[in-house]
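Colleague: Take a look at the letters that make up each chain.
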Amino acid sequence: GAGVSQSPRYKVAKRGQDVALRCDPISGHVSLFWYQQALGQGPEFLTYFQNEAQLDKSGLPSDRFFAERPEGSVSTLKIQRTQQEDSAVYLCASTPRGQSTEAFFGQGTRLTVV
Amino acid sequence: GNSVTQMEGPVTLSEEAFLTINCTYTATGYPSLFWYVQYPGEGLQLLLKATKADDKGSNKGFEATYRKETTSFHLEKGSVQVSDSAVYFCALSDTSGTYKYIFGTGTRLKVLA
Chain A
5 GAGVSQSPRY KVAKRGQDVA LRCDPISGHV SLFWYQQALG QGPEFLTYFQ NEAQLDKSGL
65 PSDRFFAERP EGSVSTLKIQ RTQQEDSAVY LCASTPRGQS TEAFFGQGTR LTVV
Chain B
3 GNSVTQMEGP VTLSEEAFLT INCTYTATGY PSLFWYVQYP GEGLQLLLKA TKADDKGSNK
63 GFEATYRKET TSFHLEKGSV QVSDSAVYFC ALSDTSGTYK YIFGTGTRLK VLA
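In the order they appear, the protein sequences are chains A and B.
With my numbering applied, the first sequence corresponds to residues 5 to 118, in that order.
With my numbering applied, the second sequence corresponds to residues 3 to 115, in that order.
Looking at chain A on its own, in the form it has when it is part of the complex (with noise of 0.2 Å):
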């Protein structure tokens, strides 16, 4: 496609649901970031992707998280027993390569934990 696209673009969760976001990054991009932003304030690392290798996941807030690209493509990001702090937006992101070049960001999912 022509961009990052991610979907859906809204979920709400009862506390306690699981959630499954997914990231459909440019195609042939072979870094995919997921960050996650809180309210009003900055986006936050929370894993990377090198190919379908998760070669750093240092910014999952816990063992709630988990996230997969499986075939090197296509990302989905998972939340177990949502919690009203998970309430965020949560962007995801290609690169062409793992260099300092421009990330490439999707529109994001707002998630509202109720």
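Just some of the chain A residues that point at chain B, by a computed CB distance under 10 Å:
(1) G7
(2) Q54
(3) A107
(4) G112
Covered stretches of chain B, as calculated for chain A (at least 3 residues, CB under 8 Å):
(5) 41–50
(6) 98–111
Here are some chain B residues the structure puts well away from chain A; computed CB gaps all over 12 Å:
(7) L15
(8) F20
(9) T22
(10) T30
(11) E65
(12) T67
(13) E71
(14) E78
Don't read these hints as lab results, they were simulated from the structure.
We put the CB at the ideal spot given by N, CA and C, even for glycine.
Fit chain B to the given chain A structure using the hints.
Modeller: Okay, now just chain B, sitting in the frame of chain A:
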């Protein structure tokens, strides 16, 4: 660790006013520096970037210079327009291997006609 500090908003200006949004950083190595903009209801878009000291990034009338001696990357525009109203994020690219971005908290700009 690496970090980015940018001036708090909101910043409210009249159309055609001069804009400065301050950004300073702390980093090991030689990171690349970026300004991203987020218009209402839209995703993050790259505004400009600089990859080494003394580089000047520019786009759409905005510019910023990578100042290693002051560890700064201030965003400037000579004459703002109502359409520039948005949230601006300063960021650096971590050089530790993943090249993940570290963002500032964002500065909301409101330009009045």
